[in-house]
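Chains as they are written, first to last, in our numbering: chain A, 1 to 343; chain B, 344 to 677.
Simulated from the structure, these hints should not be mistaken for lab results.
Every residue gets a Cβ at the ideal spot worked out from N, C-alpha and C, and that includes glycine.
Any given hint could be a false lead.
Coverage of chain B stretches by chain A, computed from C-beta distances (three or more under 8 Å per stretch; other residues unrestricted) [what the hints assert, rightly or not]:
#1 473 to 482
#2 524 to 535
#3 552 to 565
#4 582 to 592
#5 614 to 627
Here are the computed distance ranges between Cβ atoms for each label pair [claimed, not checked]:
#6 F32/A x T447/B: 25 to 35 Å
#7 V655/B x K168/A: 43 to 53 Å
#8 I316/A x Q453/B: 36 to 46 Å
#9 N21/A x D477/B: 49 to 59 Å
#10 M473/B x P302/A: 39 to 49 Å
#11 S629/B x D213/A: 45 to 55 Å
#12 V655/B x D320/A: 51 to 61 Å
#13 L325/A x D444/B: 53 to 63 Å
#14 E457/B x I298/A: 26 to 36 Å
#15 G92/A x H498/B: 41 to 51 Å
#16 D648/B x M106/A: 24 to 34 Å
Here are the simulated EDC-like pairs of lysine to aspartate or glutamate, each with C-alpha atoms no more than 16 Å apart in a straight line [what the hints assert, rightly or not]:
#17 K284/A x D568/B
#18 K472/B x D456/B
#19 K348/B x D377/B
#20 K480/B x D456/B
#21 K481/B x D548/B
#22 K219/A x E58/A
#23 K424/B x E414/B
#24 K284/A x E607/B
#25 K284/A x E525/B
#26 K284/A x E541/B
#27 K82/A x E100/A
#28 K472/B x E461/B
#29 K616/B x D213/A
#30 K543/B x D568/B
#31 K258/A x E607/B
#32 K472/B x E457/B
#33 K284/A x E457/B
#34 K399/B x E525/B
#35 K616/B x E457/B
#36 K399/B x D524/B
#37 K474/B x E457/B
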Amino acid sequence: MELDLSTQKLATHENLLEIRNLRKWFPVQKTFLDQLLAGKVNYVRAVDGVNLDIRRGEAFGLAGESGSGKTTIGRLAIGLAKPTEGDVVFDGINLNKINEEELRRMRRRMQVIFQDPMASLNPRMTLGDSVSHGLKIHYPQRDDEHREMTLAIFEKVGLTPARYFLNKYPHQISGGQRQRVAIARALITRPELILADEPIAMADVSVRALLLDLMVQLKNEFNLTYLFITHDLATAKYICDRIGVLYLGKMVEMGSLKDMYQHPLHPYTQALLAAVPVPNPLLKRTQPMPAGEIPNPINPPPGCRFHPRCPFAKEICTKDEPELLEIRTGHWVACHFANTFLC
Amino acid sequence: MPEVKEVLISIRNMTVSYETRLGAVSAVDGVSFDIFRGEILGLVGESGCGKSTLGKGLMRLMPSQGSVHGEIFFGDQDILKFTDDQMRDFRGRRISMIFQDPMTSLNPVQRIDEHLIEAIQVHEPQTNKMKALDRVKKLIERMGIQSNRLSSYPHQLSGGMRQRVMISLGLVLNASLIVADEATTSLDVIVEAKLVDEIKKIRNDFGVSILMITHNIALVANIADRLAVMYAGRMAEIGPIEQLFANPLHPYTQGLLACVPSIEIKDNENLYKMPGEPPNLTHPPSGCRFHPRCPYVMPVCKELDPKLVEGVPDQFVNCWLYQEQPVVNNPESR
Chain A
1 MELDLSTQKL ATHENLLEIR NLRKWFPVQK TFLDQLLAGK VNYVRAVDGV
51 NLDIRRGEAF GLAGESGSGK TTIGRLAIGL AKPTEGDVVF DGINLNKINE
101 EELRRMRRRM QVIFQDPMAS LNPRMTLGDS VSHGLKIHYP QRDDEHREMT
151 LAIFEKVGLT PARYFLNKYP HQISGGQRQR VAIARALITR PELILADEPI
201 AMADVSVRAL LLDLMVQLKN EFNLTYLFIT HDLATAKYIC DRIGVLYLGK
251 MVEMGSLKDM YQHPLHPYTQ ALLAAVPVPN PLLKRTQPMP AGEIPNPINP
301 PPGCRFHPRC PFAKEICTKD EPELLEIRTG HWVACHFANT FLC
Chain B
344 MPEVKEVLIS IRNMTVSYET RLGAVSAVDG VSFDIFRGEI LGLVGESGCG
394 KSTLGKGLMR LMPSQGSVHG EIFFGDQDIL KFTDDQMRDF RGRRISMIFQ
444 DPMTSLNPVQ RIDEHLIEAI QVHEPQTNKM KALDRVKKLI ERMGIQSNRL
494 SSYPHQLSGG MRQRVMISLG LVLNASLIVA DEATTSLDVI VEAKLVDEIK
544 KIRNDFGVSI LMITHNIALV ANIADRLAVM YAGRMAEIGP IEQLFANPLH
594 PYTQGLLACV PSIEIKDNEN LYKMPGEPPN LTHPPSGCRF HPRCPYVMPV
644 CKELDPKLVE GVPDQFVNCW LYQEQPVVNN PESR
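If we strip away everything but chain B, and leave its shape as in the complex, we get (with noise of 0.2 Å):
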């Protein structure tokens, strides 16, 4: 990672919300975070908890019954504000996204070429095939992938091939930020591993920053510079990823890390049963959301919200731990 860090995005206040049956459900309710440029920022929650709807809120790629508000900075320009068309442009070109089957992101009648030569085309009408087919064949042998494939059709590369060309689909326009959304979940373990290499040398070479969004927490501590952590459509937690696992500040941050089964064997070793289960966002609980599980919960947890806060240096905490409480006006009332 540079040494000096250039905020690449800047998030604030985003909410992401669907209309129900039962009225608007936020999966993604007032977020704000910066990503940097060339960083591998790690973003982890269970199920349920908004990750992969931040991720599409990003590229404003949201089914029609969900809306995106709040400001996201891209440079000086706020990409919420942007037309249809400039959006269109905008994505691909600026921000790309790979998803987790590459088999069903990929057109299964078009040749890998063909997908990449239309990417470029698509965006800069003005390169002639020819022009193009030469970029194409460098990038994908720098991404390990011999340009004899490049004739094939997906069903016939392997799933981590799969996956390197949808990264090349980012990369083929120098796209700045690549949002991975459990991109390495359905690889065989093996897999896996070579393409989180990969994904560190792509960044390496191309200074491209990644959105590593995934429930493997694992996986992120092997590749993220920063991790972020999210419990019910809020952010718990966000920090440099060694700090952070070496001292969680958020209760529910610390819970899931100590839950978290690993290789390494020692006796006697118990996991750490956090208590209750992730809660339905159609009705979240009041105040802080992790209160009904928290071990440390105060009176004022129940009752109001806390700020993401920077609880050390660098390391940003929404807990009421680490802040000021306010003077509740009626103690008695609960």
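Only chain A is shown next, with the shape it has when bound in the complex (with noise of 0.2 Å):
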């Protein structure tokens, strides 16, 4: 049986996902005595107000350090967590104004892929079962087809003879084949988003390259939307389309991939780049580094966040946050002075 995928419902919104003013606060528990005698409740603000589009068929990244907010939103988009405030829209659903059962039904169309393939198999299931789970919960009317599809998906990611692999455990593979699963396990519903968080990230330097060839060689015949979360800015050029940097849950610059590495405007972006170590011994870094660690998302600094560590940070940046603004068609930045970097 031919295995098809590639059958999609013609396209009606080109925007694929819509995020609006996206905002999550979670609380800090404290305890009772606090309580009483604060009266306040603190919060860490994870997302503070994020708009982003991603287009059908596009490759987005997602960047930034530890506690910038990247996966928060990646949970949110997919409807794993309810935002605070705000907004998210997937073709044309908005997930906040729909019940459970209907996010249910929606989460065939959205998968996810995580870190760490051995946390996210079941260590009991086979590697079969793990993977046509989702095609009883989705597509129960069908389970005659199902140890075909299963078996075809795992020919598409590359685990051959899919047979060979159908009755084994998550154990009893290697990383690299383990990722592949988790590939597999997240195709086979048919989705037309995938969240990959770090996918890559666990994965040998000699699998990494393989990994990302298949995400890309599979997005592009299976007409897929990538939400791509990384911390790591050398990986994140090889598949997606436009990057997104985060900083204390903003987003402070977005644009193509030409755009954000070749003409970064924001100077967190621009540190962020430079600080990535390039593998070449002759090309050894001259740019300092900015002062201190990302601060504590519970008290961000006022104005733009990025100032204490800013190196041309003014008095305005203290005062006044600035505003996600269209410097060029399609580059965006939240800087007072993006315009003077503009040269």
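Join the two chains into one complex using the hints; note that each chain is given alone, in its own frame.
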């Protein structure tokens, strides 16, 4: 049987995913005594007002350091967490306005690949059962075809011979193969959006290139849209069409691969790019790094959140928060002095 | 790096094996190399290649089911022949180690100054506390931490600072070698870049040798003087970093360097895709352990082990392409 995953319904919305003014604040747990005395609850502002459109068929990379909120945005984007404020619109459907049952049915169309396949695959289920589980939930009426479909998807992700892998357990295969199983499991429900949260961070260098290549190939073949979350800008370059850089829950810059890597306008993006080591001993970094470390997201600095570490900070940066503005076509920057870097 | 290279530690035919249910597994298998005084030697390889085991073996920090064989010469002494007491004195004083996560290495209920003073007093019991504190203060300021932070607890410091405290623990006793096992891996990229700068500065200021064990080849390119590449428990190649990046000799090194993603953007650029995956060391391949993945595999590679030979000056490689092949007794045997 030919597994036909490429047939998608006619695209009605150009933007597969629209994120509007998204906020997620986590309350900080306090003791009862603290609450009595202070009476005020503090919040970790993990995501604090993010807008983002992801076009059908593109690979959008979300980059940032730990604590920047990139994983939280991913979880909100596919309805795994409820936003404090704001909307997530998937193909014209607002995920906040639908009930649990409808959301469950929507999940077929958006799947996740996590960082650690050893943690995300059930150690007591065979690979075949893990992968076909999505079919049982979303296509129960076609259960006679499940085995064929599972075998076909194993072949697609390069786990051949598929029959050999079907009855294996996660601990019996290598790390690279496990991540391929996780990819197969995400693809089997014929999704449109794939959330890939650091999908290759655990893999060895020699295996990474193969996984990246597989993801690009599958994206083209199945017309997938990727939300690719990563801390590694060198890897993002090989898969993403557009990149957004997050700092303390805010998008500081967003643009095409070329804009971001060749003409980064925000000082934070510039620092982040300069910090990535280049695998060439002759190209040693000369640019100084910003002072300090990422501040506490409970009390983010006033004004521009990057100003305490920014080498170009002026007085205005300590008071007014810069807006994310389109400086050039498709290139958005939240910096008071973005124009001065344009040259 | 000094002009005349003085050997600090000489490792000869070092084997580290673990007893497992499936029999003895040699995570490091007959590795020989030197570490020079004042150099930063990068040791790279993929998970399971034995790079961490080698670092632990150097310090004889093996779990009970592991054992180290061979010779490790420090000056004219073989540290594998030391008694446990000698070894305890040697560790910390001559070689010190920093790990990936400083939060699990530092004692959460002990202040930073207590960590450092304790290290001095254990190894130099005659030093009084005031003198020790003086030394600690001077050192910590050279490390870029204000001396008023000495009364902090580990959780009050940032990740980068904690790693600097770990390095200070080695330097406070004037260790000659610091083994850094993935010391920057858990840090964010900007903090990591800053720590790398500091490690270079520390090497220049203190003249200490650093064995930098990491999987991050791009990072090593920016810090190391020489690079050692391990594969499946064996040393594949070792040489000066610029020379080795410009002209990698071992097919594994060639592949490894070609598949490292780089931020230097080029259009239509593809990463090299190395076939296969690293072998399981319970059943290592025969002959050269890289032969099942090697694009230049020859009949001899499947049968016999190559040796580590000087392929080009200063650059040693463990591959049949660069050494005379023995006459295979029975060529039809395959």
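Checked hints:
With a cut-off of 8 Å between beta carbons, the region 473 to 482 of chain B has 0 residues touching chain A; three or more are needed, and the interface restraint is violated. With a threshold of 8 Å between beta carbons, the proposed coverage of the region 524 to 535 of chain B by chain A holds, since 5 of its residues qualify and at least three are required. Requiring three or more residues with a Cβ within less than 8 Å of a Cβ of chain A, the coverage given for the region 552 to 565 of chain B holds, as 7 such residues are present. With 3 residues having a beta carbon nearer than 8 Å to a beta carbon of chain A, the region 582 to 592 of chain B meets the requirement of three or more and the stated coverage holds.
Counting residues of the region 614 to 627 of chain B whose beta carbon lies closer than 8 Å to any beta carbon of chain A gives 6, which meets the minimum of three for the stated coverage. Between F32/A and T447/B the CB atoms are about 31 Å apart, so this pair conforms to the stated range of 25 to 35 Å. V655/B and K168/A have their C-beta atoms about 44 Å apart, which keeps the hinted 43 to 53 Å range intact. In this structure the hint that I316/A and Q453/B lie 36 to 46 Å apart at CB holds, the actual value being about 44 Å.
Checked against the given bound of 49 to 59 Å, the beta carbons of N21/A and D477/B, roughly 56 Å apart, stay inside it. One distance hint, 39 to 49 Å for the beta-carbon pair M473/B and P302/A, holds here, with the actual separation near 44 Å. The given range of 45 to 55 Å is broken by S629/B and D213/A, whose C-beta atoms sit roughly 30 Å from each other. Roughly 59 Å separates the CB atoms of V655/B and D320/A, a value that falls within the hinted 51 to 61 Å.
L325/A and D444/B have their C-beta atoms about 40 Å apart, which leaves the hinted 53 to 63 Å range violated. At roughly 29 Å, the beta carbons of E457/B and I298/A sit within the given window of 26 to 36 Å. One distance hint, 41 to 51 Å for the beta-carbon pair G92/A and H498/B, holds here, with the actual separation near 47 Å. For D648/B and M106/A, the hinted distance range of 24 to 34 Å is not satisfied, since their beta carbons lie about 57 Å from each other.
Restraint check: the Cα-Cα separation between K284/A and D568/B comes to about 13 Å, which is no more than 16 Å; the hinted pair holds. Annotation: proposed proximity of K472/B to D456/B holds, straight-line Cα distance about 11 Å (limit 16 Å). Restraint check for K348/B and D377/B: satisfied, since their Cα atoms lie roughly 10 Å apart, inside the 16 Å limit. Distance check on the hinted pair: K480/B and D456/B sit about 8 Å apart at the alpha-carbon level, within 16 Å; holds.
Between K481/B and D548/B, the direct Cα distance comes to roughly 13 Å. Compliance with the 16 Å bound is thereby established for this hinted pair. Proposed proximity of K219/A and E58/A is supported: the alpha carbons are some 9 Å apart, at most 16 Å. A distance of roughly 8 Å separates the Cα atoms of K424/B and E414/B; the hinted pair therefore holds under the 16 Å criterion. For the proposed pair K284/A and E607/B, the alpha carbon gap of about 13 Å is at most 16 Å, so the pair holds.
Between K284/A and E525/B, the direct Cα distance comes to roughly 20 Å. Violation of the 16 Å bound is thereby established for this hinted pair. The straight-line distance between the Cα atoms of K284/A and E541/B is roughly 14 Å, inside the 16 Å bound, and the hint therefore holds. The hinted pair formed by K82/A and E100/A meets the criterion: a straight-line CA distance of about 12 Å does not exceed 16 Å. Straight-line distance between C-alpha atoms of K472/B and E461/B comes to about 9 Å, which keeps the hinted pair within the 16 Å bound.
Distance check on the hinted pair: K616/B and D213/A sit about 9 Å apart at the alpha-carbon level, within 16 Å; holds. Between K543/B and D568/B, the direct Cα distance comes to roughly 10 Å. Compliance with the 16 Å bound is thereby established for this hinted pair. Restraint check for K258/A and E607/B: the C-alpha separation of about 11 Å stays at or below 16 Å, so the hint holds. Note on K472/B and E457/B: the hinted pairing holds, with a Cα-Cα distance of about 10 Å set against a maximum of 16 Å.
Restraint check for K284/A and E457/B: the C-alpha separation of about 37 Å exceeds 16 Å, so the hint is violated. Only pairs whose Cα atoms come within 16 Å are accepted, and K399/B paired with E525/B is accepted, the gap being roughly 12 Å. The suggested pairing of K616/B with E457/B is violated, with an alpha-carbon distance near 50 Å, which exceeds 16 Å. Our distance criterion of 16 Å between C-alpha atoms is met by K399/B and D524/B, whose separation comes to about 9 Å.
With a C-alpha separation of about 13 Å, the suggested pair K474/B and E457/B falls inside the 16 Å cut-off, and the hint holds.
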